[in-house]
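Participant: Using the hints provided, position chain B relative to the given structure of chain A.
If you read the sequences in order, they're chains A and B.
Read in order, the letters of the first sequence correspond to residues 11 to 90 in my numbering.
Read in order, the letters of the second sequence correspond to residues 11 to 90 in my numbering.
For the record, the hints were derived by calculation from the structure and aren't laboratory data.
Check each hint, because a few of them may be wrong.
Which copy? The list can't say, so a pair holds if one copy fits it or any two copies do.
What the hints assert, rightly or not - Okay, derived cross-link-like pairs now, EDC-like style, lysine to aspartate or glutamate, Cα gap no bigger than 20 Å in a straight line:
1. 50 to 87
2. 50 to 83
3. 12 to 89
4. 45 to 87
Protein chains: 2
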Amino acid sequence: MKATVYVTIKQNVLDPQGTAVQGALHSLGFNEAKKVRIGKYMEIELDTNDRNEAEARLKAMCEKLLANTVVEDYRFELEG
Amino acid sequence: MKATVYVTIKQNVLDPQGTAVQGALHSLGFNEAKKVRIGKYMEIELDTNDRNEAEARLKAMCEKLLANTVVEDYRFELEG
Chain A
11 MKATVYVTIK QNVLDPQGTA VQGALHSLGF NEAKKVRIGK YMEIELDTND
61 RNEAEARLKA MCEKLLANTV VEDYRFELEG
Chain B
11 MKATVYVTIK QNVLDPQGTA VQGALHSLGF NEAKKVRIGK YMEIELDTND
61 RNEAEARLKA MCEKLLANTV VEDYRFELEG
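The shape of chain A in the complex, shown without the other chains:
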């Protein structure tokens, strides 16, 4: 079963990496880039076929390791 996890910085938290990328885009002439937010994208191959179990385990992985829930949000999709 394949999982895709998205970890994003919460809306009210500063994103210095996004600000830096926006600055770099502007200096390259891409002035239409008004706001840039950067997150993480993870593909995880899970050795289970039980969807409910996979969801519970993924939630635990996100809470414990993949996301810092103080400043980040996460969501995931399961397929297969």
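Facilitator: Only chain B this time, still in chain A's reference frame:
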């Protein structure tokens, strides 16, 4: 117009960050995590309403700055 950009490491390229996260998951007891690949996820607010123009500009941004096309793939979605 809002763009979402996904940058992933090409399939045949080593992903040390993914390997490290997989090791950390295993040491936390998540032995079902068989393969982990890590990429970047970007949300970009574009100051344009022309979809074709936005696509062309995003492609240029990815090629020039957001992705290293030697070792990374990218794809993007546009909405609004």
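Participant: List, from low to high, the hint numbers that the structure doesn't satisfy.
Facilitator: none
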